[in-house]
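Number of protein chains: 4
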Amino acid sequence: MNDNEVTLSNDRAWHSAITLADGEHIWLRGYEVTDLMTHATFAEVVLLLHQGELPSPGVQKLMNALLIASAECRVDARSALAARAAASGNRRGLEAAIAAGVLAIGDAHGGAGAPCLEMIAHAVARVQRESIPLEQAAAQIITEAKTAGQRLPGLGLRAQTTDPRVATLFRLAAEARVAGDGIAFMRALERQAREHIAYLPINLDGAIAAILYDLGFAPAFAKALYIIAHVAGLSAHVLEEYAREQPLRIKIPVEYDGPKPRAVPRS
Amino acid sequence: MNDNEVTLSNDRAWHSAITLADGEHIWLRGYEVTDLMTHATFAEVVLLLHQGELPSPGVQKLMNALLIASAECRVDARSALAARAAASGNRRGLEAAIAAGVLAIGDAHGGAGAPCLEMIAHAVARVQRESIPLEQAAAQIITEAKTAGQRLPGLGLRAQTTDPRVATLFRLAAEARVAGDGIAFMRALERQAREHIAYLPINLDGAIAAILYDLGFAPAFAKALYIIAHVAGLSAHVLEEYAREQPLRIKIPVEYDGPKPRAVPRS
Amino acid sequence: MNDNEVTLSNDRAWHSAITLADGEHIWLRGYEVTDLMTHATFAEVVLLLHQGELPSPGVQKLMNALLIASAECRVDARSALAARAAASGNRRGLEAAIAAGVLAIGDAHGGAGAPCLEMIAHAVARVQRESIPLEQAAAQIITEAKTAGQRLPGLGLRAQTTDPRVATLFRLAAEARVAGDGIAFMRALERQAREHIAYLPINLDGAIAAILYDLGFAPAFAKALYIIAHVAGLSAHVLEEYAREQPLRIKIPVEYDGPKPRAVPRS
Amino acid sequence: MNDNEVTLSNDRAWHSAITLADGEHIWLRGYEVTDLMTHATFAEVVLLLHQGELPSPGVQKLMNALLIASAECRVDARSALAARAAASGNRRGLEAAIAAGVLAIGDAHGGAGAPCLEMIAHAVARVQRESIPLEQAAAQIITEAKTAGQRLPGLGLRAQTTDPRVATLFRLAAEARVAGDGIAFMRALERQAREHIAYLPINLDGAIAAILYDLGFAPAFAKALYIIAHVAGLSAHVLEEYAREQPLRIKIPVEYDGPKPRAVPRS
Chain W
1 MNDNEVTLSN DRAWHSAITL ADGEHIWLRG YEVTDLMTHA TFAEVVLLLH QGELPSPGVQ
61 KLMNALLIAS AECRVDARSA LAARAAASGN RRGLEAAIAA GVLAIGDAHG GAGAPCLEMI
121 AHAVARVQRE SIPLEQAAAQ IITEAKTAGQ RLPGLGLRAQ TTDPRVATLF RLAAEARVAG
181 DGIAFMRALE RQAREHIAYL PINLDGAIAA ILYDLGFAPA FAKALYIIAH VAGLSAHVLE
241 EYAREQPLRI KIPVEYDGPK PRAVPRS
Chain A
1 MNDNEVTLSN DRAWHSAITL ADGEHIWLRG YEVTDLMTHA TFAEVVLLLH QGELPSPGVQ
61 KLMNALLIAS AECRVDARSA LAARAAASGN RRGLEAAIAA GVLAIGDAHG GAGAPCLEMI
121 AHAVARVQRE SIPLEQAAAQ IITEAKTAGQ RLPGLGLRAQ TTDPRVATLF RLAAEARVAG
181 DGIAFMRALE RQAREHIAYL PINLDGAIAA ILYDLGFAPA FAKALYIIAH VAGLSAHVLE
241 EYAREQPLRI KIPVEYDGPK PRAVPRS
Chain H
1 MNDNEVTLSN DRAWHSAITL ADGEHIWLRG YEVTDLMTHA TFAEVVLLLH QGELPSPGVQ
61 KLMNALLIAS AECRVDARSA LAARAAASGN RRGLEAAIAA GVLAIGDAHG GAGAPCLEMI
121 AHAVARVQRE SIPLEQAAAQ IITEAKTAGQ RLPGLGLRAQ TTDPRVATLF RLAAEARVAG
181 DGIAFMRALE RQAREHIAYL PINLDGAIAA ILYDLGFAPA FAKALYIIAH VAGLSAHVLE
241 EYAREQPLRI KIPVEYDGPK PRAVPRS
Chain B
1 MNDNEVTLSN DRAWHSAITL ADGEHIWLRG YEVTDLMTHA TFAEVVLLLH QGELPSPGVQ
61 KLMNALLIAS AECRVDARSA LAARAAASGN RRGLEAAIAA GVLAIGDAHG GAGAPCLEMI
121 AHAVARVQRE SIPLEQAAAQ IITEAKTAGQ RLPGLGLRAQ TTDPRVATLF RLAAEARVAG
181 DGIAFMRALE RQAREHIAYL PINLDGAIAA ILYDLGFAPA FAKALYIIAH VAGLSAHVLE
241 EYAREQPLRI KIPVEYDGPK PRAVPRS
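Protein chains in written order, with my numbering: chain W, 1 to 267; chain A, 1 to 267; chain H, 1 to 267; chain B, 1 to 267.
Derived from the structure by calculation, the hints contain no laboratory data.
Computed from a predicted structure; not experimentally measured.
Among the hints, erroneous ones may be present.
Since copy identity is lost for identical chains, a pair holds within one copy or between any two.
Straight line, CA to CA, 20 angstroms or less: simulated SDA-like cross-link-like pairs of lysine to any residue [stated by the list, open to error]:
hint: 1; residue 1: K61; residue 2: T38
hint: 2; residue 1: K61; residue 2: H39
hint: 3; residue 1: K260; residue 2: A17
hint: 4; residue 1: K146; residue 2: G156
hint: 5; residue 1: K146; residue 2: A198
hint: 6; residue 1: K260; residue 2: P164
Input sequences plus hints: build the corresponding full structure.
Now the structure itself:
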């Protein structure tokens, strides 16, 4: 026991429903960690930590697929670039380089999942409130987005082909018997977009949002899932950078277009 | 020269107006760095880097005051707590602990400056568009915020006394002859709030936003300024943690309120 | 295609052995991602990303257990504290709060795995070079550590009971038929420590290091594995903080022991 | 006052010598913050926060120069690259992008200052212990580094010309009458390196370390100073990235050299 320890007064304890431990046991959401280690996969534990319950075997398989799909990280993704740039300057800080990669995950990279999930929740609520078919709700949202000049989260890829992960995820969701309004709505949205805008296929963010909606998750988990899985890819990139590259390897041609040389005025 | 270097093709160079260097000189926004080192203060260089020009002597003094005001960082601020918690686990990662502190700066800590600056810009635009006095624009914004149940950025302190830094900043802005619509509007807003809501004194975020508006800055710089200055306080906290505390000193009483112990179902 | 894109010249491409993609397929280490999503677990993909090959079924089970063991994160761990402090100030920056938690993982928290793995590699090399039994190599290392007054990585817990995860991991390693010199050495070290110093049970870092050595991993992966798994726990804490707590809830009594109030000298 | 607040028991308060505040005043190291805002520069406050005392006017000027020298940040520095990559994916997270840049500061970028300061302290201690001239201590260290095949921190530039900032810093140190053993030793080391190895001019890290030694700083402050100043340059880069570039502009040609496409074995 460290003499420097600070103890908070007991009457104002923090409350948490995640972990409990005594000298001999550790429980995660009520399950002994050794029991989970013996009988569960990490994917199930990710679900348990965030949703409070262990999933069915089908959902377990789906959750593994969601994590594998999000672990993929190409060298030229901005998260990998940030992580490798940090690793190149900070050769002993694995945690720092991985964190730098995580910090590139935001509204323009890996961040469409949460707004897409919000859009789905909004659309399904409208369907129920106004007793209209999903297809009509999708058409309304397409019209509103066109009018407002806004992009639709979850649709569209840089190269307008399909992402192979989307069909696999939807197939596994069907096999796990969890495909519901989320997937149905995203498919309706894709159809309506093709009719009224262009062929904008459901992208990975959109597929994940659809499935997480059908699994009962709140929007914030979409980004959490992406970060959890993506850290595995970022870690592989940082360790490859350490193993294969020297510190100073990146040279970018920069054209300076600022003010011409001038003298500091003497005050 | 490192053999592993990667060179980008010259036709697609990055463009930047910040720094230029040849083998013997380094220029920041056109000024030689050695010239700046001899004749300028760091505060002026912060302004130069972000606005492109060196300030007048009065604004230089004001800029130093803005940075000093934002450097202050109490032990129990969330940024200091995040930095010290990280330092306690990562005793050789000064950059990691400081970065952890920076990451606590957001909408609920040090983040009111940018929305406050946006509110000021919006109000001044309304004054010009509708040819109404600032006081009336302030009254309208108070009414709108009351109706919408929204908090006003830049007003209010936890303990409802005044922050001593606000008056000093406004005095230095007057002495630098830059006090303009930004400060006038925030004072009008404080008066109107007192009349229609409660005594909500201008806080540090509000004073900084007012002055940065009067100096011609875009909203994003409000958070940038706070981060730049605050890093000095965070660094002092991390080095104090390393020097005075042992790694494991934080003990928080936690009340677990999650599920009771249960067995993992065998599949 | 974005007009602003910068393309590096092809003769100096970056090289990477992790991911390959064309318009219709994505491969991780040669396996199609959709194939992995259908037939593998995330734990296997973590192994694949870092070691280049998919594991046997027994090792897959072991890898899941290693990840689950490392996902556990108590509220009062410094990583959780850093993450929750950042979350309390930065309520819309999930990636920032998780990164702050990752940055607390260092030499004094989750960081004993890599030096423990190095110690094991060093000891096994000595066994082979000097043709001595593992037990003798362990005894020598104990003596050297006592003489140098150094702590042994991988041994010892704050409360000197056993960590329940250690036995489970060693059992699963035996069932996967990968228990080798790594586990044997750590057990010898624990025995020799008990005889010559005190009862210092193998801790989680030590068990993970032993198993990763037996799986053929380099030391750096020990910290990588901990970070990858721990991010799942950190994410659950940040989302719980967002869902259950208000921004400003942390108050720490601070005793100031610096200089008394004094006036700034006028220059 | 927030109902959720947690209060630590008073008997185990944290201790800190940095900041004190009551409802009406804020003191930094004993000085009222408003007094500092009116009569000091930010550079002096950085010194005050880290060393506990305000400097003389000459040292104030020197400290401004040290900060300006370290604020410089070229587009192709790894810290700027990490920050801009993060900014490109996370367009609303200024704090995240700046933190990503800070995380690239490590042993291979901006990190030579602390080991250089340690080397100086070690050399000066040897001079005093063995009553030898500084020149001889420098020669010994050169010989030891050659024998061990180690690089000397603080010497050498990528392009072997001189860094213009070094002479300016040494001149300002002389003018502030603080040039002492630190600067004298680094100059002796440069001379001895030129005689026994090659022309390895003192670089910025070496000049900063020499001056910080002469100012009485501990090694850790060398990295702290660099981070504090560099954040100003990083911030300018991130805001330029937001203002001038679109999210997806970085394309790097990657040559994949990993395993050929293969099928996942069915278990």
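Structure-based check of each hint:
1. Taking identical chains as interchangeable, the C-alpha atoms of K61 and T38 lie at most 20 angstroms apart whether they share a chain (17 angstroms) or sit on different chains (8 angstroms).
2. In this assembly of identical chains, K61 and H39 lie within 20 angstroms of each other by CA distance both inside one copy and across copies; the values are 14 angstroms within and 9 angstroms between.
3. For the homomeric pair K260 and A17, the shortest alpha-carbon distance between copies (10 angstroms) is at most 20 angstroms, but the shortest distance inside one copy (60 angstroms) is not.
4. In this assembly of identical chains, K146 and G156 lie within 20 angstroms of each other by CA distance solely inside one copy; the values are 15 angstroms within and 40 angstroms between copies.
5. Taking CA atoms no more than 20 angstroms apart as the test, K146 paired with A198 passes inside one copy only; the shortest distance there is 11 angstroms, against 43 angstroms between copies.
6. In this assembly of identical chains, K260 and P164 lie within 20 angstroms of each other by CA distance solely across copies; the values are 19 angstroms between and 51 angstroms within a copy.
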